[in-house]
Structures are given as C-alpha cells and as structure tokens.
Amino acid sequence: MKSITGLSTITPTLIAEHLTKVIGDRTIVDDVSFEIFQGEVFGFLGPNGAGKTTTIRMLVGLIKPTAGRVIICGHDVRRDFEKAMRCIGCIVETPDLYRFMSGRENLAHFARMLGVDARDIERVASLVNLEHRLDQRVGTYSLGMRQRLGIAQALLGHPKLLILDEPANGLDPAGIREIRELLRRLARDEAMSVFVSSHLLAEIELTCDRVAIIHKGRILRAGPVRDLISKRRAMEFRVSDTARAAEIIGNGTTIEGDRVIVPIEESAAPPIVAALTGAGIDVYRVAPNKQTLEEMFLEATGGETVG
Amino acid sequence: MLALLQNETLKLLRRRRFAIVLGILTAILLLVSYSQYRILHERAKRNWRAELQERVARAENALRRGRMNPSWARSVRAEIGRLQFYLDHDIDPEKPNVPRFVRTFANVAGFLLLPLLVSVLGSDIVSAENAEGTDKLLLTRPVRRWKILAAKLVTLWMFATLTLICGALISLIVSSAVLPTHGWTEPTFNGFQLAKNAVRIDTVRQLPLWRDALIAYGLEWYALIAVASIALMLSVLFKSSAASIGTMLAALIGGTILTRISPDWTAGKYLFISALPLADYYTGEPPPYDGMTMTFCLLLLAAWAAGAIIVAFTLFTRRDVFG
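The listed protein sequences correspond, in order, to chains A and B.
My numbering puts the first sequence at residues 413 to 719.
My numbering puts the second sequence at residues 8 to 330.
Just to be clear, a hint being listed does not mean it is correct.
Here are the simulated EDC-like cross-link-like pairs (lysine to aspartate or glutamate), alpha carbons at most 16 Å apart as the crow flies [as the list claims (entries may be wrong)]:
#1 Lys52/B - Asp99/B
#2 Lys476/A - Asp327/B
#3 Lys476/A - Asp492/A
#4 Lys476/A - Asp508/A
#5 Lys154/B - Glu494/A
#6 Lys102/B - Glu139/B
#7 Lys476/A - Glu429/A
#8 Lys154/B - Asp492/A
#9 Lys246/B - Asp95/B
It is worth saying that the hints were derived from the structure and are not from the lab.
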C-alpha cells in the first residue's frame with residue numbers, strides 16, 4: 413500500500429485520508445491526513461478547540477466526514493463499520509460510562525456488544541488496577557477511576573488500535589505515569605497501536621513515538637517525536653555571569669534569566685563547561701533545554717498559547 | 008441481538024424507571040380500591056333487588072304502551088334481559104367487585120395514565136444516553152446503529168406490555184383485599200352504537216366478563232405499543248430527557264383538550280390521541296369525531312407508529328454525534 417507520508421510501506425493500522433469537516437460555513441477540520449502503524453504510540457497534539465475531538469469522532473464513525481475517509485485495519489469506517497470497529501477501543505472526550513451501574517456491569521455491557529466472555533473483564537480490570545472497586549457504582553468513582561474504567565472498556569476484546577482522548581485528564585501524577593507505562597507496554601508487548609490526543613506537550617513527549625501537531629483544524633507538523641525535538645536540540649547553562657558566558661560561547665546563544673541557552677548536543681557540553689570555568693565563570697547547572705517542543709509549537713502556531 | 012436486548016433491559020431497570028411506574032400504579036390503585044370499598048359499604052344499606060325490579064317494571068310498561076320505534080324497543084328488551092339476568096343470578100350490577108374493578112381499569116387508565124407511564128419509560132431511552140455522554144461508547148462498538156435502536160424499540164415494547172400486565176395484576180391484588188372476588192362469568196353488554204334516533208343493538212355483544220376484559224386489555228396493549236413507538240421517536244428527536252417527556256405529556260393532554268373543546272374541527276380525528284381510548288370505543292362510548300370506526304382507529308395508530316419508527320431510524324442512523 414502506498415503511504416501518504418512515505419514513512420513506511422507496511423499496511424498501517426489506521427489511515428486518515430484528507431479528513432475534512434465543514435459545519436455551516438465553518439471548517440472545523442481541514443484536510444487532515446495521517447497514519448498509525450502497528451506497535452507505535454501516536455500523539456495528536458493541539459490546543460483546546462483545534463479540532464482534535466472532531467477528528468477523533470470522525471475516526472470512530474460518530475461524525476460523517478464532509479470529505480476524506482478513514483481506513484482501520486483495511487476496513488473503511490463508513491462502508492464496513494462493524495469490521496472496522498472490531499479493531500478499535502476508544503474513549504472520546506470524557507470517559508462517560510453508566511453511572512447508575514457498577515464498574516463490572518459497565519464492562520459486562522460492552523463485553524456483550526463485542527461477544528467476549530467474563531474472563532476478559534477480569535483481564536482488563538487488572539490491567540488498569542481496578543479489580544477491587546469493580547463492584548461499586550460508577551457514580552461513586554473519582555474522575556481518575558472513571559478514566560481507568562474507560563481505558564479498561566476500550567481494551568475489551570483485544571483491539572488492534574486504542575484511541576484515547578486526553579487520557580491524562582483527572583489523573584494524579586502517579587496515575588499519569590501508570591497509564592503512560594501501560595500504553596508503552598501495550599504497544600511494545602502486544603504490538604498494539606495507540607492514538608493519544610493531548611494538549612500537554614510534556615505528556616506527548618514522554619509517551620509517544622510520533623506526533624502530529626494540529627492547530628485550527630490543520631496539521632502543522634508530523635513526524636517522530638525525537639526528530640522534531642532533535643532539530644532544535646539545545647542545552648542550558650546556569651552561570652554566574654550570563655553576558656560574559658554568551659560572549660565566550662559565541663553565535664546562536666540566547667540568554668533567558670540566569671541561563672544561557674546553546675543549540676548543541678549533550679556531548680558538546682563538557683568543552684563549554686571547561687572554557688567557562690577557565691574564564692572564571694561559575695557553572696551551577698547544565699541541563700537539556702526542556703522547552704524545545706513547546707517553543708517549536710509556539711513558533712508553528714504563530715505564538716498562540718497552548719491549552 | 009439477544010445481548011443488546013439484555014443490555015437495554017438492564018439499563019432500563021437500573022435507571023429505576025420501571026420501579027417508579029410500578030410505584031405510581033400501586034399508589035393510584037390503592038386509592039381507587041379504597042374509594043370502591045367505601046361505596047361497597049354504602050350500597051350494603053340499599054335494597055338493590057327492589058331498585059332493579061322497579062327498573063324492569065318501568066321498561067316493561069313502556070314496551071306495553073307500544074309507541075316506541077322498533078329499534079328502540081329492541082334495545083329496551085336487551086336492557087330488560089340484562090337486568091333480569093342479574094335478578095335471576097342474584098347479582099348486583101352496580102356493586103363493586105374485583106372483576107369489574109380490573110375490567111374498568113383498562114378503560115380508565117388506558118386513556119391517559121398508561122400512555123403517560125409508557126412515555127416515562129420510553130422518552131429518555133435514547134436521549135439519556137446522549138445527555139450522559141454514553142452514546143459515544145455505545146455507537147463506537149462493532150454494532151450497527153439500526154440494531155442498537157431496534158433493541159431499544161423492542162425493549163420498550165416489552166416494558167409497555169409489562170406495564171399493562173402489572174397494571175392488571177396490581178388492580179387484581181389490591182382490589183382483592185377489599186372487594187368481593189367472584190363475578191368473572193357474569194355477562195357484559197358492549198358495543199352500543201348510536202343510530203339516527205336510537206341506540207343500535209344489533210351491534211351489541213354479550214360476553215362473559217373475563218372474555219370482555221381480555222378484549223379490552225388487548226386493545227389497550229395495541230394502543231400502548233403505538234405510544235411506545237412514538238415515545239422512541241421523541242427520545243431520538245430531543246437531546247434532553249425532560250424535553251421528550253414534556254412533549255409527550257403535552258401531546259397527550261393537549262390532544263385530549265382539543266377533542267373536547269373543538270369537536271367541529273374534524274381534522275382532529277387524525278391525531279393519534281383521538282384514537283387512543285380504544286377500550287372506550289369498544290365499550291360503546293362514541294368517539295369524538297364522525298367516521299372513527301374501530302378499523303379506522305386501529306389503522307390510524309398503526310400509521311402513527313410506523314411513521315414514528317421511520318423518522319426515529321432515519322435520524323438515528325444518519326446523524327452526527329457531537330458532545
């Protein structure tokens with residue numbers, strides 16, 4: 413199969429082709445194309461209102477695209493809905509489950525729709541560490557627990573593709589890390605493809621292999637997270653005299669508060685430290701510059717805020 | 008499909024809608040049974056045999072004077088026959104008893120109470136999924152939308168049926184506590200129709216009460232299936248459960264007011280509300296508009312139900328699901 417982005421010739425788990433949604437005279441999603449391959453975690457990054465959720469709703473067949481199409485595991489979502497949906501598990505927007513039923517009843521409800529048995533309920537519940545609360549009413553769950561239950565129902569029936577909309581929402585830092593590790597593990601051990609949307613750069617950077625950045629309904633950039641970052645890799649030096657340090661290091665440096673930002677690889681840092689201490693400047697800290705993805709995003713979107 | 012029905016049944020029960028319906032039915036029937044019990048006590052002081060004999064004598068006198076047109080005479084003879092039957096079998100026709108209570112419930116509740124309860128069950132069967140956001144999960148599973156809606160429709164039909172059966176059973180149980188229980192085989196006379204200047208009796212049917220009750224409940228069931236189908240459509244049309252229940256309520260009450268206030272506006276006979284009291288028309292109460300035969304009413308309800316189902320399925324399977 414010919415690949416749109418030219419990244420691979422393996423059949424992708426999901427192909428979104430020229431997805432467009434026009435409502436009235438507003439174009440909410442404009443010619444969005446991307447592919448997700450087996451075993452990778454794909455990030456969909458963009459501020460609120462960028463068209464992330466509308467795109468996801470088109471991926472899972474809730475909304476009919478004005479133009480374009482979605483192919484999941486070789487099945488067109490509109491023409492072969494049942495076959496395409498059998499390959500996916502998803503959470504769209506918020507993890508809304510039936511609050512008047514217990515966690516187990518909710519999982520059983522969706523398991524019946526898939527035709528999978530009760531053992532699978534135990535499996536997915538233990539994957540998200542929810543076994544001990546499974547018999548309580550979902551109405552008594554915290555948002556974090558509902559998020560886990562949502563992920564559990566999405567994992568029912570061993571889907572090939574997991575689509576999660578802002579899965580970090582409502583989780584505490586420990587919970588976010590747990591989910592991140594779960595997603596990485598599923599991609600690695602079960603060769604599952606995972607689609608994660610987020611407005612949090614750090615989260616996407618830590619979780620995903622590849623990322624597409626969406627803004628005002630259009631994809632601005634797409635590619636491996638590492639590539640997007642390494643293009644603008646930089647190190648920061650916290651020093652006693654920033655002006656003199658910048659002078660010594662030379663071209664390309666910028667000063668931010670008490671730090672000097674230098675666009676170099678980590679391996680190029682020691683000689684700079686030696687030069688600075690040689691010139692009598694104290695170096696307090698050397699660290700990778702964390703804001704590279706954010707800066708790139710701001711640059712790409714023309715400086716509009718994220719999230 | 009069986010799995011989908013199981014899901015919908017579970018959700019309906021867990022939402023406690025059916026419990027509310029049973030609660031309302033029990034409360035109302037307790038109240039009515041008590042009032043019937045009071046009437047029973049008051050009638051005990053009266054000599055009903057003497058009253059009946061006097062009515063028979065008056066009718067016979069009128070017949071003997073013979074200035075009656077033939078069809079009127081026939082209906083009077085039928086009435087004498089009926090009263091005489093009660094006298095012969097020592098049955099007080101106006102004394103409250105369990106069979107009459109259960110039989111009357113079909114007519115009285117069929118016209119507003121039961122349609123209302125069925126719309127309470129049905130009006131949020133789709134809109135609640137939308138309001139609670141669960142439709143996003145329900146519609147992204149490998150089941151086509153029409154199958155999901157079909158499961159909801161069948162579930163609603165089942166519960167409409169169950170509501171009617173429970174109504175009959177509750178009225179039976181509650182009234183058995185305070186009223187005499189015999190009388191299932193006493194005759195009933197239904198189907199009096201007004202001809203030009205007299206009551207037509209060639210249309211009158213004489214049936215034992217239990218069979219008459221079965222027919223009345225059967226007609227009522229037919230009407231409730233139509234109401235359930237319309238409730239499903241409203242639930243698809245409106246996003247909020249309150250809006251769909253409210254619309255159904257307004258239609259039921261508004262339609263009733265309309266048929267009472269403007270009986271001259273004959274287009275009103277095409278409203279589904281006009282055809283809803285099927286059991287009343289069967290008993291012999293004249294429908295509000297001319298030309299509303301039983302066949303017309305049955306076809307009209309079928310047409311409304313079919314229309315509602317078509318609209319519901321067309322919308323539900325095609326529309327975009329936003330948050």
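(Q) If you test the structure against every hint from before, which numbers come out violated? (A) 4, 6, 9
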